[in-house]
Amino acid sequence: MTDTSMSSVDTSPVDASSVNTSRRNLLKGGAAAAVVTLAPGITLRTVEAAITGPATSAKRWGMLIDATAPEGVWDLAVDACKAEQGWGKAEKDANPTTDPQWIRKVSIKDPKTGAKASLPVMCQHCANPPCVDVCPTGASMKREDGIVLVDKHICIGCRYCMMACPYSCRSFVHEDVRGQKPHMPRGKGTVESCTMCVHRVDKGQKPACVEALNKAGSNAIMFGDLNDPNSDISRAVSQYVTQRIRADLGVEPGVHYRGI
Amino acid sequence: MRSASRFLSLTILGFAIVSFGIGSGLFAPSAQAGEVPVPKLAKAFKGEQCVEPNDVMRRNHMEFLKHQRDETLREGIRGQKYSLNDCIDCHAVKSPDVAGGKVRTLKPFCAECHSYAAVSIDCFQCHTGAAVPGIGKQSALPADHGMSAKEKALFATVEKHLSKGADQ
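If you read the protein sequences in the order shown, they are chains A and B. Be aware that the first sequence starts at -8, since it is given in my numbering, and climbs by one per residue. Be aware that the second sequence starts at 133, since it is given in my numbering, and climbs by one per residue.
Treat the hints as calculated values from the structure; they're not laboratory data. Beta carbons: idealized from backbone N, C-alpha and C, even for Gly. Treat the hints loosely; a few may be bogus.
Claimed, not checked - Listed next, with one range per pair, are the computed distances between beta-carbon atoms:
#1 B:Gly232 / A:Ala85: 38 to 44 Å
#2 B:Pro228 / A:Ser98: 39 to 45 Å
#3 A:Met153 / B:His199: 28 to 34 Å
#4 B:Tyr248 / A:Gly129: 47 to 53 Å
#5 B:Pro185 / A:Ala118: 42 to 48 Å
#6 A:Ala85 / B:Glu203: 49 to 55 Å
#7 B:Leu197 / A:Thr104: 23 to 29 Å
#8 B:Pro228 / A:Lys96: 26 to 32 Å
#9 B:Lys172 / A:Asn210: 52 to 58 Å
#10 B:Pro228 / A:Ala207: 50 to 56 Å
#11 B:Tyr248 / A:Lys83: 24 to 30 Å
#12 B:Gly233 / A:Thr47: 26 to 32 Å
Claimed, not checked - Chain A side only, calculated, beta carbon under 8 Å to chain B, not exhaustive:
#13 Gly44
#14 Met132
#15 Leu140
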């Protein structure tokens, strides 16, 4: 979490030698609020980091995926997930049978009518997650706000959760991992899956896939609080007929779909 | 016969006490020739004072990190005092052993004591030890999301200025 903000920046060219402060003066303030003038018109403000959380059951994070959106947008979502979380390999190094897949594009076709659709499938963040039920160590867990995670600190890599997941949305890391993101530690011998970008959600941001689609002008994945009747996603869910994959299982996924 | 065996057991006990004392450094605080050298900790890259006094950190850092990791991951409490990313922010150093000395990483700082004490940790099998600008409370600089090239160049200059001399 970044505890600093730039209050103003002069866009005129700045001579680096005019930066006049001492590292000690800037840092000895510690967590207390401080404003430091770096150059005329440029100030750097440090503020105490706010403690956020804990996550509560007042919120229920969920997604609404519009499967009628143009097929190309799902590649954007997958690429954004790879870039944000640091999984996925170059095509020449890829091994599709064992490489982790946090989100995948699935194409479906009705054999009777020939109707086709394409949709992304990732961890469905179930309210009654089978992966949590079967985990022998308690590593597979659900946060109060409905986000299902793997606590890799205590995951022993038994892969029972992968067998229990009706959506095949968990992956095992078979190979050594390098160059992990600071917010997303990943390592060989543990199971992983979509985290609904929990590190971003806790900062009040949207998941990376949603943001990437929004930037491309698409609203094909909506993210929000299903418990808040005034949220965009709650309105959309009440307006359109949506469904959840394998709703008959009673696992109550947090991911809703339209148009399948 | 009985007194002889009692003498023997007392002697063994005495040996045990003495060897425990040596092993725990009570009697031999400084390294002798041929022994493993006592760790010399690198000065922090940034910051003047750690989140707790040095002796507290040396003894309890693992407890702090372990407690907070559970609160962060399982309960979603963020922004608390102890954070591995903050450790990295201040204590990561450049070492020729890691990535040819091109990146600051925490691994050499941790290894300094852990190799001496024969402690094997596996934090860095999953966590990157590499410093990332903008991550950590002492950065005093925002993450570079959404900054223009000109702003990035300005902040790179500022960061260079702030960290002047810290590598030495």
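- Item | Hints the structure fails to honour | Numbers 1, 2, 4, 6, 7, 8, 10, 11 and 12, in rising order.
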